[in-house]
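> Protein chains in written order, with the working numbering: chain V, 1 to 452; chain F, 1001 to 1717; chain Y, 2001 to 2088.
Certain hints may be false.
Stated by the list, open to error - Partial pick of chain F residues on the chain V-facing surface, computed with a CB cut under 10 angstroms:
id, residue
1, Val1382
2, Gly1394
3, Leu1397
4, Arg1404
5, Glu1463
6, Gly1465
7, Ala1466
8, Ala1518
9, Asp1625
10, Ala1630
11, Thr1632
12, Lys1634
To be verified - Residues from chain V that keep clear of chain Y, each with C-beta distances beyond 10 angstroms, as calculated:
id, residue
13, Asp3
14, Tyr7
15, Thr11
16, Val13
17, Arg14
18, Arg111
19, Ile247
20, Arg326
21, Ala389
22, Arg421
23, Gly450
Everything labelled a hint here was simulated from the structure, so no lab data went into it. C-beta atoms are modelled at their ideal positions from N, C-alpha and C, and glycine is treated no differently.
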Amino acid sequence: MTDRPPYVPPTLVRHRSGLMNKMGVGPVVSSRSSVAGVNVEALVEAYGSPLFIYDEQIIRARYRALHNALVLRYPKVALAWSYKTCYLDAICRLYHQEGALAEVVSGMEYRKARRNGMTPGQIVYNGPHKDDQTLTEALLGGARVHLDHFDELARCERIAEQHGCRPAVSIRLNLETSTLPRWDRFGFNLDNGQARDAVRRLLAGGRLRLTGLHVHLGTFILDVRAFAEATRKVVAFANRLRSERGIVLDTLDLGGGLASRNRLRSQYLPSDQSVPSFAQYAEQLVDGLSALDYPANELPTLVLETGRALIDEAGSLVTTVVANKRLADGRRGMVVDAGVNTLFTAYWYQHQLVPTQPTSEPPEPTMVYGPLCMNIDVVGNNVMLPPMAVGQRMLVTPVGAYNLSQSMQFIELRPAVCLVRPDGTHTLIRRREVLDDLTRAEVIPPWLGGGR
Amino acid sequence: MNPLGTKTVDSSKSTSRAAVRFAIDMVLHSYSAVLFARSRWMGLLLLLATLVVPSVGLVGLGGVVLANGICLALALDRASVRSGLLGYNALLVFLAIGAFLEHSPVVLLVALAAGLLTVLMHVALTGALRSHFGLPVLSLPFVLVTWVVLAAVPHLKGVALVSHPPAVHLPALPGPLMLDGFFRSLGAIFFQPHWASGVLVLVALGRWSRIAVVHAMVGFGVAWAADAWLLHFPPNFFHVYAGFNVVLTAVALGGVFFVPGPDASLLSVGGSLVAALVTVGSLSILAPLGLPVLALPFNLVALLTLYALRQRSASSRPRSVTGRDARPEDNLAWYRQWAVRFGQKDGPRLVLPFRGAWTVSQGNDGPHTHQSIWRHGLDFEVRGTDGRWCEGTGDQLTDYHCYRLPVVAPAPGTVVRVVDGLPDCAPGTADTIHPWGNLVLLWVGADRYFLLAHLTPGSIRVEEGATVRTGQELARCGASGRAPRPHLHVQLQSTSVVGAPTVPMGFHNLWSPALEGARLERYGVPKEGQQVRNSIIGNLRIDWPIGARTRWRWADGSEPLEVVELVSQLDSSGQPCLLVMGSAACMRFEIRDGIFYALGVDGDHPVLRTLYAALLMVPLDAALDRVGAALTWKDTIDLRVLSSGGWSWLRDIISTVVPPKKHFVDYSACRTPDGLVLEGRSEALQTAAHVDAAGVSRVFLELQGRRMSLTKLGEAP
Amino acid sequence: MNDAARLAQLAISPSGFVFDPHTGGTFTVNATGRLILEGVRDGLGLAALTRHLERRFAPGGADLERDVLEYVARLRENGLLPAGFELH
């Protein structure tokens, strides 16, 4: 027997205009077998599949790059890590080690930040619903509390009165920009004077000190000019506050919403052409700040609450092919072991799906489905993939943002998460869930067989 | 002992003891303040000096008590009252009254009025002179009030001038006439023109400062020599007029208001001559008015010199002193300490003119354009993480990382020249017709001009004539002029012509960030290839806002635990300092660019000694925000602070001539999850301190076998 | 035109380029696909095709029958095989 080539399933690719080149073959799909120098197979062997992989090197590099882009333009900068982007304590602590503050939007997140070693003064507390206990602790401890509505203002005043102190607070503003939808359900509107009323109400109450302004325009904002517009409006407001009422602010929080190299399903251009760089975001954000009417050594601190832009590209998911299918209309289908229960962001974003093993076989448009028995569970829509056998793996990127905090224990339990370090070692930062993780909080009443 | 283990003191006894101490300080310091000092022993000796002629001296003493009483009744600052600053003018006025007016009951009323007037005038003049000119009031109130009183005498019933000065029956002093004249003139400061009084004054002065004694003698000698060869002084000149003026001027200019040194001594000699001249001149002017010259020449010459020389850059020689304790030896030691710790001896204090970390792309004596008269120039650009100046191909200006980044003022100054409107050159091309491109030229004090060149057109935000503060945005980096790629060129010149020859230029608080071990140079010249940035304030603060009071637990070796209270205040020259409640000692500190510096300790207190040694410098820079970041540095500590009593006076005398050996301490700071841990080590001592999000929380010093520690308990209400 | 004639008209190059003159469409097939297509053109049945593949490739545990049946269905859908064509 002469040595025979390995078997590859048959493929048939119909030529459409644009796909043909002089060789008569379509585009070759790339493959990726390692993350941060660590072989993906080895990781799956250690931790199972599906598996989230975070790259520590990218996390630190992105943080430093954003920080640097801002620091080259403005003298006082603080970055706050937005907790809701990824709840893993290891990731949060990584950011805190780099020097980030914590941005939280609920009592639960506040407590989590405290458990990660953040003092109240290092926590930015946002959100329309702040429970009494954490709000009190935050106000008394000097956290940066951002007031969302008048009822919250009144609550804070009551707390201040009870404890006989005058805590510092900021107010959240919402405003109109020419390109973005207005998120007017949060904060006080700047354009119609509601923000001015809020300041007057705050001053009249005499119980709180206004030390900062906060604005958060949206999420995944690709148009940097919106940031420039918003900054100019906020700065104009800050200048008026200073000149008319003598209020000297020490913080200007311009929120977050910076986009990552992900691609919305509706987006036409590929992400490397449409997502602005950190330098471009920084330039637009800081440009408006030069109009601040403050002496050079009393400038307020610029705070940004970023999440997605920092971590999305640092996270990948390895998933394994479970089945190959042919759909009724001839399209190829593939079932993998991670679906929208694990990749919540697949509803809005077209992630990159890349096989881990190289192949020279031509790709074919493929529908990639998850393991759920729900019709909406689509991970990849007409993705160009080569033929892949059951048991082969593919990498889904970028998935670092929101997938972990929004993943469900629905139909399947949540997968393990590992962190790959720059020296090539890897470590588990969340173990794969077991059934107990699903049922632990349940109480079975006695007449249904439950004990104790 | 109470349960906390601290000493409790019987409060009523302590209050009356404290009041007695206060009263004694108030009186004695008023005497010593005449000679710029704040010393009880000196005050006592001067008090005795005034009692050589008891009738005059007692009036003076009564006046001090009266005036200080008025001050307390008017609720003026108790600390100033205690330090004698509000009493010395009254002392001089009352000595004058005692010396010039016949004693009678009416004089008592006049004295009362004069006392009140002196207090009011002192406070008012201090307010005006300090806030508008930054000058002390010296003895101007005394001169003015005494004139008022003397001018009023002809119109007052029952008040008459004495016909002759009170006689003292003492044998004449043997020896040369000059010696007798010297002592009499010293005594005449206190209206006691007798050599016995002068000897006591000299002893008092000598006890306080030997440098002052030397200047007093030299100044007097200069005036005596001038009389012999140059001028024609009226009779009785020396012991009636010279003592007031020439000696005081010499002492003030030689070491009290200026750091002692050869230049200050020259100034002192010159000042003595000038004072002599002014004295003679004012004699002629005032004689027809019937008013004595008193201390007017000294005040005029001293204030004139002080104000004139303050118009220069702060670090020109002789260096003006802005400090609390005016003792010349202390001024000298402080200046030496400062020069060693902060490096730069003269010139404006510059910080890097940009934000964030930039890299020197062409250093001093650079091969491309920094040659011959432009050798001290520096070019800065921003390097990417891959080590390149640009990303992508570098064909576009926007590819370059530093393009359009803000460029800021390196020091406070005035804009003297702006050039705008020249276009940016495409990468690879340069404009040799206008080599500097768009530029801003700043005057930064004395004869120093700072040039920022190659700015992008339309970005210059200041106009010619505008004043700018350090860190204020001036323009954006560009590629105009001779710039084949975008960069910032800076140089320091000594004239306002653009492109003039450059002078050496260095920057303060220079951080060289590196992932493994950042470096901090308190003053340095960046080298080619070095990445540098200014201090960035980190997320840890040491905040001691004025008026804040904190309570600490103090343990000193075997002594039982005590609770002390520290309060932060501004001293009389506006410098922040930390005081221990209940004592007059204070530690001067400064928070500059995110670095906390302990500058020195006035007075003697073990708590402040510990704080000074452990917190000599605390870098609160963003480089230490990351857990695991570390920094090491060497600093010099003023050993005089750490050792007390004993042979310190002998060491002082020696250190006047021979600079003391520098004592280096190796410090290290490391960021832990809880905060910043500082440690210091030298052959003589070992320190440790802990700073967390709430500020300094623990301080420790081991010195000569004694272990002292401070732990913060919290804010005091 | 019968099945065999129709199949014979397909131009199949050794590199896998396929031209269907009947529709004008062009396709790319890989080595396995070419083998199956040529086998069908030569009139092989399911069992024969499967054995042919087994001989040509290293054993790999793949479900060859299934692959052949699916591939034939795709060829049919794309018009390379006549509608209604079935392997015997």
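> Out of the numbered hints, which ones does the structure contradict?
Of the numbered hints given earlier, those the structure breaks are 2, 3, 5, 6, 7, 8, 10, 11, 12, 13, 14, 15, 16, 17, 20 and 21, listed in rising order.
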